[in-house]
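With the sequences and hints as input, model every part of the structure.
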Amino acid sequence: MTAGPLSVEIVATFCVAAALLYRYGDWRNHHVFVTISVLIAWYFSLIIVFVIPMDVSRTAYNKCVRDHDLPVSTTTVAPPSNDTILPDNVTITTVTSANTSVTTAVPSTVAFFGSSSDAPITAGPSPEPTPCERPWSYVSEAVMIDLWRVVYWTSQALTWLIMPMTQSYTQAGDFTVKGKLRTALVDNAIYYGSYLIIAIILLIYISTQPGVHVDGPHLKLIASSASNTWGLFLLVLLLGYSLVEVPRALWHAAQRGWSLRHGYFRVAKLSAERSEAEEALDDVLDSLQLASEAISGSHPLRPCVDTVLAKVPAGLQQRMKRRQRAGDAAPMPTQKSLVALHRQVIRALQHHHRTEAQWEMLVEEVIELEDVSENQRHRDGYFKPSLPRPPSWTSLIIGARLEWYWKCRLRGYALRCLSVVCAITSFMVVWSELTFFNKSPTLSLFAVFINAAKSNYDYLAIEVISSLTIAYLCVCTYYTIFKIRVLNFYYLAPNHQTDQHSLIFSGMLLCRLTPPLCLNFLGMIHMDSHIIKDRVDETAYTKIMGHMDVLAILSEGFNIYFPMCVLAFCLATWFSLGARLLSFLGFQQFLDQDEITTDLTDEGRELVRREHRRRQRQSGAETRPAPRADPAPTGGGGGGWGSQAYRAAVQRAEQRMRSFLPRSESGESARLELLGSPDPPFPGRERPARDSWTEPEVESVGRVGDDGFSYSRTGRPAAPRGIFDDV
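For the sequence shown, the residue numbers in the working numbering are 3 to 729.
Careful: at least some of the hints might be erroneous.
Computed list of lysine-lysine pairs in DSSO-like fashion (alpha-carbon distance at most 27 Å, straight line) [said to hold, decoys possible]:
(1) Lys338 to Lys182
(2) Lys313 to Lys182
(3) Lys323 to Lys338
(4) Lys338 to Lys180
(5) Lys182 to Lys222
(6) Lys545 to Lys65
(7) Lys65 to Lys456
(8) Lys180 to Lys313
(9) Lys545 to Lys456
(10) Lys386 to Lys409
(11) Lys222 to Lys545
(12) Lys313 to Lys323
By construction, these hints were calculated from the structure, which means they are not laboratory data.
Structure follows, in structure tokens:
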């Protein structure tokens, strides 16, 4: 047994899971139990994906040994070592079987090099070589079974028992651990009660079947069958959407015009959700402020109020204190009302934080698309972003010229090629789902590839094909989870922006979907004897997972024919039936040649422009040097800020500006122009950027227009003058 590759896989998988959790989670602020449970859920789910190919190659090797009926796989003759003195007629023979390696000393007629005999070197009859060479990642079946037993049942305990309780615990408004646990149990009472009723019905049905005894092993089989059935049902729904949407999304991403319109549409929809989240948070903070004012510092409930206030960021607390509320004072809150208020604050803050993170990421994405579209018109070959970006190692390595070639020239072709590859792979998956139960002739394409590698005894090819197939299935499955609008309540945001609720939800789905996904993959490559109705060597993973043989309706129909429904869901996604239905019900979707879609796209474009201008002003304010203090006049007419020459220059500039303005407005407008104030003169109006002034000409000359800006003699807005123009 070589445990090296398996140990490397386990350590590498842990590093990947920890890196992902560090990127998306916030272990400093999140509860330590949430961080540990999510890490274990992600880690064990990734172990299943990464170790399944090793289990498949090990099973193929065992099948090769059984087919050739050879207990001995290799026989080698080795010369004696330097530390061992043997007689001249004895050699070392190493016999390696399927699972053991034995070294013995046997007599031989070989005359070693350097012997006094001049006879030629001869050897006894050598055994015929066998093609069953042990894979580089071979692990014994006992070790693999123990690994799957720990991983599978720990994942099931996390997804069905521990993580639902943790999810309710983090949102409970109670102020003690006992109270939060009680609230979590009450919240999950319906959840656990429904599953308990289903389990009792299954037990009654199974106990009535002839030849079936309900004991410990059968109870485990029933639990795994129920979990796999639920996971397979959800898996088919998700794959039916993503097998079409993933290649189509990649193809659309290569079309920058479509990507921009879709980005504007998403910005408009997210803006409405963001406003609703902010209004809901303001209402909750108003209630919290009333409760804080009603409860004095010496009141017994004051620690509870302080606990709720501690969860509100400092900026929101200042805004909460500045808000003025009309009406009489609120009644004295009770312990129960504070618990409900605490829960509302937690949910409102999570919703607000999630929408803000989505808004920042989406606006940056759309601005990046606008920059790419603008840089395509430049022929100098250097990428010039419209906003300053923080320095990073990628920008230092790639450089502006290589970035321009990638984003403006090569990225579209690369996405189209990747889209074609994904489309071909999706077709192969759908075809294999429709035909994987047919053993002769073999119609499942992935089974054909695996069998071809088996016939050539190429175990590395088996692991590569298995890894790529499972990876694509995982990408499609988890892409759908965070793409569908109904599940947008849960959102994974990088840079430590994901809340605890979304992290727990992702861990639960990983634990529920990964086992049936891998079991479905084993069925597609014809390594599940209970699906293809043929005797084949099964993996250690299948021996732990079991088969859905307890219920005849599952073993004879559901787990074989239900995956065929993926074709119906793929066709519905291809013709956008789900999007059209949701749009008809009021959940607006991005549809071409739709009036509402066009209006939302225009609204999103204006929102992005406004956000772009705000970020430009903010970046300009950050990079602008701070004004220096006016030094005392030197009396020598020097160039200091307080010198007479500077003040005379300012007076001459003001006098010249007043000559073009009405008397009533000359003083204020001249000061605005001289100071170059970035703020608009009137509330509710934003000052356009200097490089985007496209206002139409006005009839009057040398006056202030309705937008609050001064116009030059040509009738166009006059550029603000700096304070050093006349110095």
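Take a quick look at whether Lys545 and Lys456 sit within 27 Å of each other, Cα to Cα. 21 Å, holds
Within 27 Å, alpha carbon to alpha carbon, are Lys222 and Lys545? With a Cα-Cα distance of about 12 Å, the restraint between Lys222 and Lys545 holds, given a limit of 27 Å.
Is the Cα-Cα distance between Lys313 and Lys182 27 Å or less? 16 Å, holds
Is it true that the CA of Lys545 sits at most 27 Å from the CA of Lys65? Cα-Cα ~16 Å, so holds.
Hey, Lys338 versus Lys182, does the alpha-carbon distance stay inside 27 Å? 13 Å, holds
Would you check the hint for Lys180 and Lys313, treating anything up to 27 Å between C-alpha atoms as holding? 20 Å, holds
Straight-line alpha-carbon gap Lys338 to Lys180, limit 27 Å: 15 Å, holds
Check whether the Cα positions of Lys313 and Lys323 lie no farther apart than 27 Å. 15 Å, holds
Keeping to a limit of 27 Å between CA atoms, is the pair of Lys386 and Lys409 held or broken? 11 Å, holds
27 Å limit on alpha-carbon distance, applied to hinted pair Lys182 and Lys222: 31 Å, violated
With the threshold set at 27 Å, check whether the alpha-carbon distance from Lys323 to Lys338 stays at or below it. Holds: Lys323 and Lys338 sit about 24 Å apart, inside 27 Å.
Keeping to a limit of 27 Å between CA atoms, is the pair of Lys65 and Lys456 held or broken? Holds: Lys65 and Lys456 sit about 9 Å apart, inside 27 Å.
When the structure is compared with the earlier hints, a violation turns up for hint 5 alone.
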